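Peer 1: In case you want the letters, here they are:
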Amino acid sequence: MSLLEIKNLHVEIDGKKILNGLSLNVEKGQVAAIMGPNGSGKSTLAYVLAGKEDYDVTEGDILFDGESILDMDPDVRAAKGLFLAFQYPIEIPGVATMNFLRTALNAQRKARGEGELSTPEFLKRVREAAAKLDIDPEMLKRSVNVGFSGGEKKRAEVLQMTMFEPRLAILDETDSGLDIDALKIAADGVNRLRSPERSFLVITHYQRLLDHIVPDVVHVLSKGRIVRTGGKELALELEARGYAEYQDEAA
Amino acid sequence: MAELTVVKTEAEKGLADAFAAAKPKLPGGGPVAAMREAAFRQFQACGLPNRRVEEYKYTDLRALMRDAKPLAAPPSKAAIEAARDRKPFDELDAITLTLLNGSFVPELSDLSATAAGLTIVPLSGALAEGNALVAKVGRLAAGNDDVMVALNTAFLNDGLIVEVADGAAIDRPILVRHVFGDASAAATFARLVLTVGKGARVHLIETFCGSDADYQVNAALELAIADGAHVDHVKVIEDGGMSLHVSSLLADIGAHARFNDFTFITGGAAVRNQLFVRFGGEETVARIHGASMLKARQHADTTLVADHAVGHCQSRELFKSVLDGESRGVFQGKIIVQPNAQKTDGKMAAHALLLSEAAEADAKPELEIFADDVVCGHGATAGALDEDLLFYLRARGIPPKEAEALLIQAFIGEAVEGIEHAGLRELLMESAARWLAARS
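These protein sequence lines are chains A and B, in that order.
Add 218 to a position in the first sequence, counting from 1, and you land on the number used in my numbering.
Add 5 to a position in the second sequence, counting from 1, and you land on the number used in my numbering.
One chain only, chain B, in its complex shape (with noise of 0.2 Å):
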């Protein structure tokens, strides 16, 4: 019988050369490697995502994904200079990290301003020195068998380790920056790993950001979350416009928890938002809420999996795009139900508003219910601005763009409505009004 050869891209080949010379250099010990190793033969056996894998077949990665880029090297002086006057959300109050082309950058983070409770470890150092934290690393990601979280755990090579002590309650919230800075091309892999305590109470605010380069993210954060806590987490995608984003939510939930989640997507050539929420405890409610405002040639696509593994939790999921141009805007949510899961409430819903002709909407609701005393739904809409009501406007004298902006703004406010920090919420609502004004 002869062997089957499978042909490698351009990408997969270089992400194997990659690995083999980097291996020897990628911090951690024997268990982080064999870790690596293990997630490394899982790529090689899957290669890149394409459009023949279900999950991701409205953004082929294979065809995406032209070429590997190198390794991130840690940034230069110059480099961490040059990248001060990167500040999105400068406005919050916040306890700022930054981590440049991947890897942590002291000087631009704020180390000394941790509240009663809090820990923060950079995963470098943490692997280095064999801190005991490193332990937490990869504890959601083994459960998951997405290829590129698996190239993730093969790469990582640094990001933050967060603690929040059972009963803390983090007043300011955590700003994590990802900043792309350099004018070439390179690849990150930064993995943060947030665990909070019992009852604990925290906001992560992650935001993504760089330069006009081609580079690529693929970013994770494994997040652990123990009953009665209450974690708000929203993530800024505004890459650069020729960047290729990739990033993954790996949540766990406990009994009596409170999670809201935002995604925030308007930068990027290609982005690819995954979550992959479990609940594991019963009485949790949470509400995963996202928006993408996307132009020309940009494609977003987020893909959602609520797998409910215990009964009586409520989720609610809502996710509005904005799409002008030739844009792309996919939606695939998937809402597990396993067999003892009952009483589960899960409400899941998708609208898309089509600003020309060119743009396409795509959403893949799924429900896998196998418990029979259940509540679960699911809605998905595409179309363009109601002309009665943009004929309304324009009657009281508000001309064409800016009525249109109004009806934009109130069709992305109802998903940015869902994060509780208000400041935060005025901060996205400028976003999207600054989006609107560079539309030409």
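The shape of chain A in the complex, shown without the other chains (with noise of 0.2 Å):
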């Protein structure tokens, strides 16, 4: 049984159809990018997997290992093992980055009936987590994402991922507005999470984050559907060739 399973999705937003009868599985322990070109509807589905409430699902489902997320709420997908990178991460001024990363944690433990973790512990893990990431500690006491640059919000959503553990985390666009040090950090990073417990669905304009991020397949996006996948390779030839030969085909 695949991990996700999309199921002839069709989602609307405002009356205006976004995705169109889309079909895509992500196997366990596969990292499976999806590319497309702007407006093909490569953030809805990142956030209708998360649980986001503006979109209208009208046909079709969403099954995470093998259950319809469709009905779940965003905080219960998490408890699950779903995990959502925000292309553009959140600030959220007033809530201490330590106190927002142990009051998730603790709520997606409590959640899937574990106990909550000790103070020593919750420190030991985030503190090696930070090191990894090149993160400073002292950032961890400021307010989530205020005042961080670009590269230090993704890095940031990195190590959310790393503390959470998930069983499958999507990436929308986390190349989008990093430099190439930063783009290396913050691959390194999820590199460091691939297993064969966990996926990654890793949806991206551009084919350099794959060059960091190697994938086992790639999905080709457009016009709400999935119109191509093939291998690692369709990213170079995506990246040669730009998508223009996928409008027209879906047009």
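Check before you lean on any hint, since a few could be wrong.
What the hints assert, rightly or not - Have a look at the derived ranges for each label pair, beta carbon to beta carbon:
id, chain 1, residue 1, chain 2, residue 2, range
1, A, E332, B, K82, 50 to 58 Å
2, B, T386, A, K225, 41 to 49 Å
3, A, E309, B, P36, 58 to 66 Å
4, A, V364, B, G388, 18 to 26 Å
It should be emphasised that the hints constitute simulated quantities derived from the structure, not laboratory data.
On a predicted model such as this, the values are computed, not experimentally measured, just so you know.
Ideal Cβ placement from N, Cα and C applies to all residues, glycine included.
Dock chain to chain to rebuild the complex, using the hints, since each chain is given by itself in its own frame.
Peer 2: This is the structure in structure tokens:
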């Protein structure tokens, strides 16, 4: 059984159709890339998977570990092991990063029937994860993402991913706004988390992220559905030839 | 010409009867009696403030105050024993003083533990024996024409006179607990008079709490801050859910002083929190903050007048309200800059977070600027919790109520941060957390 099965998904926002019969499977341990031009529905897919309420699913289903998640709240999905790394991580003034990480981690553990982490154990995990991502511990005392640079925000997302140990991580344009050094740090963080027990859905417009996070499979999204699937070499082809032919085909 | 007769409400008649009956028994000599009489005449001329009075536009006390409760009697032994369990902020290492039903109670107070340079005198005793400090009572109230302050002057029967000598640094905060303990309603009129000498340092914390009776509180604090002094005043209003609370701060600040004021309102059916702050000396910095957390049909009005009589002072006002149910939060803030008060720097902000469709926030900022070289501004916002922030937190596994609580605490926290006493900051944030936990 695939970890994630998206079946004939149709999604609208404010009456406008964005996803149009999208079907896709992600296997356990697989790193799947979704590439597509602007407006093809990449971010919508990410938000719908995470459970954002603004979207109407008019047809189809999403199965996570064989179970439909369409009626599940975002926090329930997160506790089940689904994680979305945001394209634009949100600033939360007044909520210290450390407090946020701890509240979130313990909420997920509680929902899964696991005990809360002790303070020393929690601090040990945060410090280790932060050190590997070159995150200054002082940054963790500051409000979530407030005053962070673009690179710091993305690293903070990877830090969360490291702490929460999801079964499926969705990376929404993690490369956007990053210079090459910041991109490498973030990609290394993701690569350290690769395991036979964890799957990734890497959403990107450009191929360059896939130089660092090498996918097992590449899907091309256009006009709200998958129009082609191939190996990692498909990304290079897209980089060379652009998306024009897929946009025409889907039109 | 026909004589115009003003129809008096039940409460206004009740207050007139109460004053006539109490007058012979209220403590204080000739000057005090004259002061009471003048104040009461002012009340009689104006009546209870109603919505046609601009300052009371959103808080019509004539409508809110259905009747005048009997004046509270000094508490019985049994009442004093019963009040031993009401100990808000017991965790603080403070010089604790208790006013039960408006009367000073030595058994629940800590008069022996005073510090060098600190004098604390119960007001009723001082009035009865004609203590010289009584001359300080009413000095700041005299310059104020608010009717509720006048009523407090007319009826004041107890409270505290506190003197901090020049240069004295009082390490432990002074904690004044205003407790209403009775099951049947009554009205209290406590007056605090705090005079802080030159270069002195003091913290005053006032807490208000009480029973489920529909009691009425009208308290006033006269606060005179001399040059170079540093004063923190925190007022926590957690009165019973049926009570009507009116309290007034009358502050006069000298030069090169620092003043931090914070009001935290969670209690009372209706609250009118008034702050009259006069800047009387240059180079003074004041931070006047507040937060309210209201639910059900609670009504809380904070009305502030910051009067810059001289220049070169800085004032920062920040008020935050969290409004649930059908509650209503009112903020009226007026910054006055007198003609000679050049280089005044005043910034005022009021922000309301509406947690329900039926909650209401009213903000009325006013700037009256008569000087031409000043920096003054104000801002006000009202809105719901940000959906994008909530989604981010929920996508991290935090359930809706907890996610809301985190954001609300952060919202309140910005105002609480202004409090210098770390222990008190923590206690107030714990109080906010309790309020949030009680939300169903």
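Peer 1: Confirm or reject each hint.
Peer 2: Going down the list of hints, with the structure as the test:
1. A:E332 <-> B:K82: 50 to 58 Å: Between A:E332 and B:K82, where Cβ atoms are some 54 Å apart, the hint holds.
2. B:T386 <-> A:K225: 41 to 49 Å: Roughly 44 Å apart at Cβ, these two residues keep to the hinted range, so it holds.
3. A:E309 <-> B:P36: 58 to 66 Å: 59 Å, holds
4. A:V364 <-> B:G388: 18 to 26 Å: 19 Å, holds
When each numbered hint is compared with the structure, no violation occurs for any of them.
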